[in-house]
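Peer 1: In case you want the letters, here they are:
There are 2 protein chains.
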Amino acid sequence: MRIGLDMMGGDFAPTEAVKGVKLFLDTVASDVHLVLIGDEAQLTPLLSVAQLDQSRYSVVHSSQVIGMNEHPTKALKEKPQSSISIGFHLLKNEQIDAFISAGNTGAMMVGTFYSIKAIEGVQRPTISTLVPRENGGYGLLLDVGINADCKPENLSQFAILGSLYSKHILNIDNPRVGLLNIGEEEGKGNLLAMATYPLLKENKQVNFIGNIEGRDIFTDKADVIVCEGFTGNVVLKMAESFHEVAVRRNIQDEYLDKFNFEAYGGTPVLGVSKPVIIGHGISQGLAFKNMIQLAKQINESKLLEKIKESFTQSV
Amino acid sequence: MRIGLDMMGGDFAPTEAVKGVKLFLDTVASDVHLVLIGDEAQLTPLLSVAQLDQSRYSVVHSSQVIGMNEHPTKALKEKPQSSISIGFHLLKNEQIDAFISAGNTGAMMVGTFYSIKAIEGVQRPTISTLVPRENGGYGLLLDVGINADCKPENLSQFAILGSLYSKHILNIDNPRVGLLNIGEEEGKGNLLAMATYPLLKENKQVNFIGNIEGRDIFTDKADVIVCEGFTGNVVLKMAESFHEVAVRRNIQDEYLDKFNFEAYGGTPVLGVSKPVIIGHGISQGLAFKNMIQLAKQINESKLLEKIKESFTQSV
Numbered sequence: 029m030r031i032g033l034d035m036m037g038g039d040f041a042p043t044e045a046v047k048g049v050k051l052f053l054d055t056v057a058s059d060v061h062l063v064l065i066g067d068e069a070q071l072t073p074l075l076s077v078a079q080l081d082q083s084r085y086s087v088v089h090s091s092q093v094i095g096m097n098e099h100p101t102k103a104l105k106e107k108p109q110s111s112i113s114i115g116f117h118l119l120k121n122e123q124i125d126a127f128i129s130a131g132n133t134g135a136m137m138v139g140t141f142y143s144i145k146a147i148e149g150v151q152r153p154t155i156s157t158l159v160p161r162e163n164g165g166y167g168l169l170l171d172v173g174i175n176a177d178c179k180p181e182n183l184s185q186f187a188i189l190g191s192l193y194s195k196h197i198l199n200i201d202n203p204r205v206g207l208l209n210i211g212e213e214e215g216k217g218n219l220l221a222m223a224t225y226p227l228l229k230e231n232k233q234v235n236f237i238g239n240i241e242g243r244d245i246f247t248d249k250a251d252v253i254v255c256e257g258f259t260g261n262v263v264l265k266m267a268e269s270f271h272e273v274a275v276r277r278n279i280q281d282e283y284l285d286k287f288n289f290e291a292y293g294g295t296p297v298l299g300v301s302k303p304v305i306i307g308h309g310i311s312q313g314l315a316f317k318n319m320i321q322l323a324k325q326i327n328e329s330k331l332l333e334k335i336k337e338s339f340t341q342s343v
Numbered sequence: 029m030r031i032g033l034d035m036m037g038g039d040f041a042p043t044e045a046v047k048g049v050k051l052f053l054d055t056v057a058s059d060v061h062l063v064l065i066g067d068e069a070q071l072t073p074l075l076s077v078a079q080l081d082q083s084r085y086s087v088v089h090s091s092q093v094i095g096m097n098e099h100p101t102k103a104l105k106e107k108p109q110s111s112i113s114i115g116f117h118l119l120k121n122e123q124i125d126a127f128i129s130a131g132n133t134g135a136m137m138v139g140t141f142y143s144i145k146a147i148e149g150v151q152r153p154t155i156s157t158l159v160p161r162e163n164g165g166y167g168l169l170l171d172v173g174i175n176a177d178c179k180p181e182n183l184s185q186f187a188i189l190g191s192l193y194s195k196h197i198l199n200i201d202n203p204r205v206g207l208l209n210i211g212e213e214e215g216k217g218n219l220l221a222m223a224t225y226p227l228l229k230e231n232k233q234v235n236f237i238g239n240i241e242g243r244d245i246f247t248d249k250a251d252v253i254v255c256e257g258f259t260g261n262v263v264l265k266m267a268e269s270f271h272e273v274a275v276r277r278n279i280q281d282e283y284l285d286k287f288n289f290e291a292y293g294g295t296p297v298l299g300v301s302k303p304v305i306i307g308h309g310i311s312q313g314l315a316f317k318n319m320i321q322l323a324k325q326i327n328e329s330k331l332l333e334k335i336k337e338s339f340t341q342s343v
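Top line first, the protein sequences correspond to chains A and B. According to the working numbering, the first sequence is numbered sequentially starting from 29. According to the working numbering, the second sequence is numbered sequentially starting from 29.
In case anyone wonders, no lab produced these hints; they're calculated from the structure. This structure is a prediction, so every number in the text was calculated from the model and none was measured. It is possible that part of the hints are untrue.
[What the hints assert, rightly or not] DSSO-like mimics (lysine-lysine), calculated; alpha carbons at most 27 angstroms apart, straight line:
1. A:K249 x A:K120
2. B:K179 x A:K286
3. A:K216 x B:K232
4. A:K102 x A:K120
[Unchecked claim] Some chain A residues well away from chain B (every beta-carbon gap over 10 angstroms; in silico):
5. Q79
6. R152
7. G217
8. N218
Every residue gets a Cβ at the ideal spot worked out from N, C-alpha and C, and that includes glycine.
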């Protein structure tokens, strides 16, 4: 398995990316071969200091970098030698089996949609976030921002994508799907939620348990929570801000620590035909290591095959 | 000034309502006369034990109660002798100057819309919530649930209503208005937010400062944050759940304590022609006292007159 990693993406690149590579190679025994995409002049000394097993990685030189605030489409067009452009090129041509970057999120999304096709039947690929729960487990919330306006059918598909992720990556059997809403009973909500409820009820590929309110997001009520990307993004950023409050106010609490979303690594783009993982701009070593591990897990669990099967059934 | 209070509304009625009345009468010197609406048989002994100044309140008997889970429209129709029905009757006929209840929220909303007119020019009356900020002040978020689907014009009006509330009740000069969105720049967001941005920019009655993200809700970035009621309600309930987490986990923190929204009392329905305040079902003594004080403040500040003036201008 060859996993491609953008060494130039993120606020602390390439130093933290190299740390993540070392952490992975030193602690995870596997047949994963890492393809490190970045500026050789910067990478070579760092990799040499890190004293890595040279048989487990190779470097692909990139002479350009897409900045965190560049316009995605423009940057991808004008910088074919950037680490992100090269990464997608390698992924498309099957020279790597997964691609990871903590760089410009917009460029990663545009790159994904241009280079990698959506799985047949998936109307809208989506991104999700893990939601820590007091009992120790993790729920999954999606969409968290790339689909700001959705149709009921989109949410019903997110439920399938989220359920498969929850089952095969988070190891939750028969994950319970909740619809994020502003009331408990069927018939409550805005027009979208009201129209989505019956679709989820009829959706045989998911275990729908009904509506979930804002107060239930961090409880054990549902394993997969679906919503459009506007609300999901507000929820995610608000949860991040609570973590920041806890840190600023020096509140020591094991559970609140789990709201440090940066440590999780990144989120895969669900519904596309190859594994793409997008990391937080401020990713550090542990986050990079976790992203590599997630890519490995996605490949080993054959998640994308399961998604393809599901959408073949449902078409 | 005569303030009507539903003594039978809320989970701990009438005991906690009586406590709130006592707290108000014992601690706030004013010419407010309280009109206590409820079952005399239950109220008389409680009021007698409370040893109140009898010149400062009167009791209006109600023989029916609308339960917390009854269907609003049906209950109002079938229970004309309920404390909520009587309260709206008194308010409509100018026998009281404000009406407060911690009872069935739906019945309070329906009662408001049927008995009390919207102020001319206001398309959608709204409800808001205070958002505590680390620097000690309070922001205002609206709508938080009664307008789940909105048009851009509705949000622009919420901005006016919220600004006037912020100015006259929270005493914030020239309150900064933010649009809750999923990106900082103009042009970001879902269709509603994208269409609302230019309206707010052109709205001369508000001090629009641009988009506000989920991470900014509890910061000092804006004084008034507008959104449709779906997202607002999810945000409110999620913030409440963070407070519950803090309590459950025994986290002692002055700022997190402020997320105890129950203590605030209630939210006024903004945009209707008479003051109506809706309390949390689990309101206790302090919350009832705070609601009475808020009704007093709304009347004294002439908030509703200012709203009428604003909407006369803008029509």
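Peer 1: Which hints from the list above does the structure break, by number from lowest to highest?
Peer 2: Hint check: 1, 2, 3, 7, 8 fail, others pass.
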